[in-house]
Every structure is written in C-alpha cells, then in structure tokens.
Amino acid sequence: MKTRPLLLALLLALPLFALAQAPSPKAAALVKEIEALERQRFEAQVKKDYALLEKAFADDLVYTHGDGHENTKAEYIQSIKDGKSQYGKIEVEKLNVRTYNDGKTAVVNGSIFITSPPKPDGSTSVSHLKYVVVQVKNKQGWQVVLWQSQKQAS
Numbered sequence: 002m003k004t005r006p007l008l009l010a011l012l013l014a015l016p017l018f019a020l021a022q023a024p025s026p027k028a029a030a031l032v033k034e035i036e037a038l039e040r041q042r043f044e045a046q047v048k049k050d051y052a053l054l055e056k057a058f059a060d061d062l063v064y065t066h067g068d069g070h071e072n073t074k075a076e077y078i079q080s081i082k083d084g085k086s087q088y089g090k091i092e093v094e095k096l097n098v099r100t101y102n103d104g105k106t107a108v109v110n111g112s113i114f115i116t117s118p119p120k121p122d123g124s125t126s127v128s129h130l131k132y133v134v135v136q137v138k139n140k141q142g143w144q145v146v147l148w149q150s151q152k153q154a155s
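2 is the number of the first residue of the sequence shown in our numbering; add one for each residue after it.
It is worth saying that the hints were derived from the structure and are not from the lab.
Label pairs and their in silico Cβ distance ranges:
1. 95 / 55: 24 to 30 Å
2. 151 / 73: 19 to 25 Å
3. 102 / 152: 26 to 32 Å
4. 124 / 25: 46 to 52 Å
5. 106 / 85: 26 to 32 Å
6. 76 / 133: 17 to 23 Å
7. 26 / 60: 30 to 36 Å
8. 37 / 63: 20 to 26 Å
9. 141 / 94: 25 to 31 Å
10. 151 / 33: 22 to 28 Å
All residues carry an ideal CB built from backbone N, CA and C; glycine is no exception.
Put together the whole structure using the sequences plus the hints.
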C-alpha cells in the first residue's frame, strides 16, 4: 500500500506540470519580436543608423557602459557620432527575454562580443559583455529605457 501515497502525490502534482509547459503562441511571438529588436539595435549601433537608434531608445534612457560610465540617450548617440563608442561587429552569444506587465515590459539579459573597428595596422580588440536591458512598449513602440553591461574576463 506504499504506492497509494506516491500515486496520490503524482496526481496532485499534475496541475503543476501543466503550468510549466511551453509559453502560449502569443508570448512566444512577443519573445521573438524582442529578440529581433535586440539584434536590430546592435546592427544599428554598428552601422551608425541614427534614425533607428533615436526610435529604439526612450528619451529617459539610462545607458551604463561596461566600464561604469553612464549616458543619456542624447549623450550615447552623440558618442557614436563622435567615435567615442565604436563598433566593428556585435555578436550575440546568449539572449533571454522575459515579459511582464501584460506584454508591455520586457527584461532581456544576455551576453555579446563586441569587436572594435580595425585600427590602421588592421588589429581589432574584442570585449565580452554580459548585459541587462529593460524595454517598454509605449506610443512609439518598443523602446529601451535601461542598458546595463559588465565586461567579462577574457
């Protein structure tokens, strides 16, 4: 009769297994949308697509670089224009998207490799970063309100 308590425990746990199943198609589509927006923004940073960056970043953006210094939206976009923030290539290593607030807020964490543009001698440097992004959906669409990154050991 020892199997009865085990069977009862399994039957009681079945609803929990049902809750742990794959996300709904709507939630899965939202995750794919946010992942695509992340990749588009990285591409815009490399290509210096200022129009896309203006749209992607909220006016109240807080952008904290891997070395700890912080920019507003205007300061960060200007740093790309001035060549202070330079990107030869940005490769996504990992991306994890979680959505909240009825699909109006997304928290993204991941890791990327940023390769600098080639120097006159042809050399480049690569930075490995872990990052967290908060995006909100407002009248302008999805916009980044927070970027926080940390350099990883080589």
